[in-house]
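Asker: Chain by chain, the residues:
2 protein chains.
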Amino acid sequence: MSCYVTHMEGAIDGTKLPAGQIQTLHKDRPIWVRYDLKAVARALSKDMLRDREPTMWRYRELLPVEREKDIVSLGEGMSPMLYCSRLGDAFGLRDVWMKDESQLPTGSFKSRGMAAAITMAKAFGIERIALPSAGNAGGAAAAYGARAGLETYVFMPEDTPVINQYECVLAGAKTFVANGLINDCGRIVGSGKERMGWFDLSTLKEPYRIEGKKTMGLELAEQFDWQLPDVILYPTGGGTGLIGMWKAFQELAEMGWLAHDRRPRMVSVQSEGCAPIARAFEQGERFAEPFDNADTVARGIRVPVAVGDFMILDAVRESGGCAIAVEEARIREWIELSMSCEGISVCPETAACVGAMETLVEQGWIKPDERVVIFNTGGTQKYVEAITSTLPKIDLQQPIDWEMIASV
Amino acid sequence: MSCYVTHMEGAIDGTKLPAGQIQTLHKDRPIWVRYDLKAVARALSKDMLRDREPTMWRYRELLPVEREKDIVSLGEGMSPMLYCSRLGDAFGLRDVWMKDESQLPTGSFKSRGMAAAITMAKAFGIERIALPSAGNAGGAAAAYGARAGLETYVFMPEDTPVINQYECVLAGAKTFVANGLINDCGRIVGSGKERMGWFDLSTLKEPYRIEGKKTMGLELAEQFDWQLPDVILYPTGGGTGLIGMWKAFQELAEMGWLAHDRRPRMVSVQSEGCAPIARAFEQGERFAEPFDNADTVARGIRVPVAVGDFMILDAVRESGGCAIAVEEARIREWIELSMSCEGISVCPETAACVGAMETLVEQGWIKPDERVVIFNTGGTQKYVEAITSTLPKIDLQQPIDWEMIASV
Numbered sequence: 001m002s003c004y005v006t007h008m009e010g011a012i013d014g015t016k017l018p019a020g021q022i023q024t025l026h027k028d029r030p031i032w033v034r035y036d037l038k039a040v041a042r043a044l045s046k047d048m049l050r051d052r053e054p055t056m057w058r059y060r061e062l063l064p065v066e067r068e069k070d071i072v073s074l075g076e077g078m079s080p081m082l083y084c085s086r087l088g089d090a091f092g093l094r095d096v097w098m099k100d101e102s103q104l105p106t107g108s109f110k111s112r113g114m115a116a117a118i119t120m121a122k123a124f125g126i127e128r129i130a131l132p133s134a135g136n137a138g139g140a141a142a143a144y145g146a147r148a149g150l151e152t153y154v155f156m157p158e159d160t161p162v163i164n165q166y167e168c169v170l171a172g173a174k175t176f177v178a179n180g181l182i183n184d185c186g187r188i189v190g191s192g193k194e195r196m197g198w199f200d201l202s203t204l205k206e207p208y209r210i211e212g213k214k215t216m217g218l219e220l221a222e223q224f225d226w227q228l229p230d231v232i233l234y235p236t237g238g239g240t241g242l243i244g245m246w247k248a249f250q251e252l253a254e255m256g257w258l259a260h261d262r263r264p265r266m267v268s269v270q271s272e273g274c275a276p277i278a279r280a281f282e283q284g285e286r287f288a289e290p291f292d293n294a295d296t297v298a299r300g301i302r303v304p305v306a307v308g309d310f311m312i313l314d315a316v317r318e319s320g321g322c323a324i325a326v327e328e329a330r331i332r333e334w335i336e337l338s339m340s341c342e343g344i345s346v347c348p349e350t351a352a353c354v355g356a357m358e359t360l361v362e363q364g365w366i367k368p369d370e371r372v373v374i375f376n377t378g379g380t381q382k383y384v385e386a387i388t389s390t391l392p393k394i395d396l397q398q399p400i401d402w403e404m405i406a407s408v
Numbered sequence: 001m002s003c004y005v006t007h008m009e010g011a012i013d014g015t016k017l018p019a020g021q022i023q024t025l026h027k028d029r030p031i032w033v034r035y036d037l038k039a040v041a042r043a044l045s046k047d048m049l050r051d052r053e054p055t056m057w058r059y060r061e062l063l064p065v066e067r068e069k070d071i072v073s074l075g076e077g078m079s080p081m082l083y084c085s086r087l088g089d090a091f092g093l094r095d096v097w098m099k100d101e102s103q104l105p106t107g108s109f110k111s112r113g114m115a116a117a118i119t120m121a122k123a124f125g126i127e128r129i130a131l132p133s134a135g136n137a138g139g140a141a142a143a144y145g146a147r148a149g150l151e152t153y154v155f156m157p158e159d160t161p162v163i164n165q166y167e168c169v170l171a172g173a174k175t176f177v178a179n180g181l182i183n184d185c186g187r188i189v190g191s192g193k194e195r196m197g198w199f200d201l202s203t204l205k206e207p208y209r210i211e212g213k214k215t216m217g218l219e220l221a222e223q224f225d226w227q228l229p230d231v232i233l234y235p236t237g238g239g240t241g242l243i244g245m246w247k248a249f250q251e252l253a254e255m256g257w258l259a260h261d262r263r264p265r266m267v268s269v270q271s272e273g274c275a276p277i278a279r280a281f282e283q284g285e286r287f288a289e290p291f292d293n294a295d296t297v298a299r300g301i302r303v304p305v306a307v308g309d310f311m312i313l314d315a316v317r318e319s320g321g322c323a324i325a326v327e328e329a330r331i332r333e334w335i336e337l338s339m340s341c342e343g344i345s346v347c348p349e350t351a352a353c354v355g356a357m358e359t360l361v362e363q364g365w366i367k368p369d370e371r372v373v374i375f376n377t378g379g380t381q382k383y384v385e386a387i388t389s390t391l392p393k394i395d396l397q398q399p400i401d402w403e404m405i406a407s408v
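Sequence order for the protein chains is A and B.
Here the first sequence stands for residues 1 to 408, numbered as in full-length UniProt numbering.
Here the second sequence stands for residues 1 to 408, numbered as in full-length UniProt numbering.
Among the hints, a few may not be true.
Intra- or inter-copy, both count: the list cannot distinguish identical chains.
In silico SDA-like pairs for lysine to any residue, Cα to Cα no more than 25 Å straight-line [as the list claims (entries may be wrong)]: (1) K46 with E222; (2) K193 with P399; (3) K69 with R50; (4) K393 with A406; (5) K393 with G180; (6) K46 with Q223; (7) K393 with W198; (8) K393 with V177; (9) K69 with Q227; (10) K46 with A253; (11) K69 with P54; (12) K393 with E194; (13) K69 with S340; (14) K193 with I400; (15) K193 with G149; (16) K193 with K393; (17) K393 with R195; (18) K393 with G192; (19) K69 with V5.
What the hints contain is simulated information worked out from the structure, not anything from laboratory work.
Next comes chain A alone, as it looks inside the complex (with noise of 0.2 Å):
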């Protein structure tokens, strides 16, 4: 097994950083990981992946691991892409398709990130990590950690998801509740770095997430034969799947692999109850300011501040894309909407997504024949508190009341 990888990149500046080493931030930003993709295309055919694992480390020659060894894994990827005509009827489309990332480990697309950035932080020989959560990034860092035989803790805030809460104590990580937001976790893991000698594994705030979540991209670009769709619906917290799908895109085109120059318009979703990368799209702005008294049911994109804001906003503009907050009280009618339809497990992190597709849709931005995906980041079941039914009862005792059956 070879390694492609070159050197690493502030993604601030541009400054050239030694590969090889643990790296976190460079001027408190994200840094990339760069190949020598000349190399990756003369090494790696189209055919060669036909004989390959269904696994994201089919891509191995574009991912950082240096020894097969090294790879932590839960059998991470090659999530189904899945043609949804009911869906796309619904809003006038013809052509749209879900990535069901529900179907990973942990139920949701956080493994590929954690797969990639444990499978590093293990091949550095760390043994101790720490993140902030605000939904599915803890239940997979807990998940990988116990793969690879770290000890792993987890802070959420104290009204994140219960199943992510339980998933992350079962799974042997040590895992906290705080009265406060994802970005207050986050200091509490920055301030306890070295006293608990912890490495910090937040988003982006190692190299490695994205290359994991990069995966995303690369799979859709084979799914749909190396002919990328024409518009790209993501939800967006940190950030980190968005703009690693956008770096995918990037070096496939360096390697000759795509079949049209035409990449997809990325649309980074939030809800309305927190929008700071949608506002700093309308306002014109690089950098986002922090949202203030964020609150939405889609937990995973209730993030208010993001070390990555930039690097998602070039993405979308250099794309051609853009960033669109939904309204937070329809969340529930797209999530119902979106299973009754095609019956896939959607979060409401998704939800939202359908929510944009309307509103571009509406606004012509979005056009009948287009090539829409949208990517189910995690299954519904994982989202008890935002789900809660009430369900029509029969008592046993008494004879069965067929009329009231036949009126639901």
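Start from chain A and add chain B according to the hints.
Answerer: Showing chain B alone in chain A's frame:
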């Protein structure tokens, strides 16, 4: 696309029945689907599989669907087979694996059976389906029902995990709770069939859910390069999966695809809170008496009466396996052990299998070098009631108590 089904066969007496039409039970007992396996062996090669999608439909020659366009799919199948070194170590075993079915649509193995059954229902022009469910089957039926555009009715015990209830509602199924167990709910479906125009999708009351579940055995064989393991531990409610896998191994043997003659010893795992199959096995019976006062946190195996009892017990005995009931009070312990050792999101039913492994190792029934496969039939995340935990709190209004954090 060709279909290799030759006929159907009553499981209780071997009566030949016609294929190509709607079938339910024969003499109140389940029906097998039979194939021209020689023709399948001529039409399909192991090499051909390598080029196919990583879903259960890669084995379409061994599935009953005639036309590719009828397939109702959410991308189910090819769940990862994960080596579990730490979990094995905990019991002195060197070759323990988990097949992680939590990475399927709706987070459970039930997707496989429902994908097959609902594909066939739709192909036969059925428009309205109904079933009882004690857990994940309801959610899967609702999802595939939605994907197929069918009207779906689900009846659940009122203490079914709430996530299972909600996922049905969100996917648009007409969902009811009743003050009884799964067999009581089954009676509602049975008594309403004609009045409501329902097709009864209950476990084993139509022939195709077995065929879908059979793909667990086909995948397992392919993932181990056609060498079957020594022992398979499988949680048993209605038993479709165990029956289906045993059928898969028979079919592969007849096709000449297995690397050696040895078949796995099949272990049917239940909880002492509901153990009709384990009890019948011990008593040397072919049919199981209903289990009174059935209760277990592993809701998926709270099935006091199974219409396929003799099929489960036949398979277990033919294989040289056993049926075993584990200690109910230790299920949570086994969940935590599995998840903290391996990071796999293990449901209570799977935890029972880990408990069975413990007992069978102690008894010398499983030897240290034997290859053991445990099926993780669903994600822990769907069992909020069984996994409730209390987390330490951090008050951000106060200085951070590092001693408390370090002591957890």
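Asker: So, for every hint listed, does it hold in this structure?
Answerer: Here is how each hint holds up against the structure:
no., hint, in the structure
1, K46 with E222, "both (9 Å within a copy, 23 Å between copies)"
2, K193 with P399, "between (64 Å within a copy, 16 Å between copies)"
3, K69 with R50, "both (22 Å within a copy, 24 Å between copies)"
4, K393 with A406, "within (13 Å within a copy, 48 Å between copies)"
5, K393 with G180, "between (39 Å within a copy, 11 Å between copies)"
6, K46 with Q223, "both (12 Å within a copy, 23 Å between copies)"
7, K393 with W198, "between (50 Å within a copy, 19 Å between copies)"
8, K393 with V177, "between (36 Å within a copy, 5 Å between copies)"
9, K69 with Q227, "between (33 Å within a copy, 24 Å between copies)"
10, K46 with A253, "within (14 Å within a copy, 35 Å between copies)"
11, K69 with P54, "both (18 Å within a copy, 24 Å between copies)"
12, K393 with E194, "between (55 Å within a copy, 21 Å between copies)"
13, K69 with S340, "between (43 Å within a copy, 21 Å between copies)"
14, K193 with I400, "between (62 Å within a copy, 13 Å between copies)"
15, K193 with G149, "within (19 Å within a copy, 52 Å between copies)"
16, K193 with K393, "between (52 Å within a copy, 19 Å between copies)"
17, K393 with R195, "between (54 Å within a copy, 19 Å between copies)"
18, K393 with G192, "between (51 Å within a copy, 16 Å between copies)"
19, K69 with V5, "within (18 Å within a copy, 44 Å between copies)"
Going down the numbered hints, you'll see the structure goes against none, and every one checks out.
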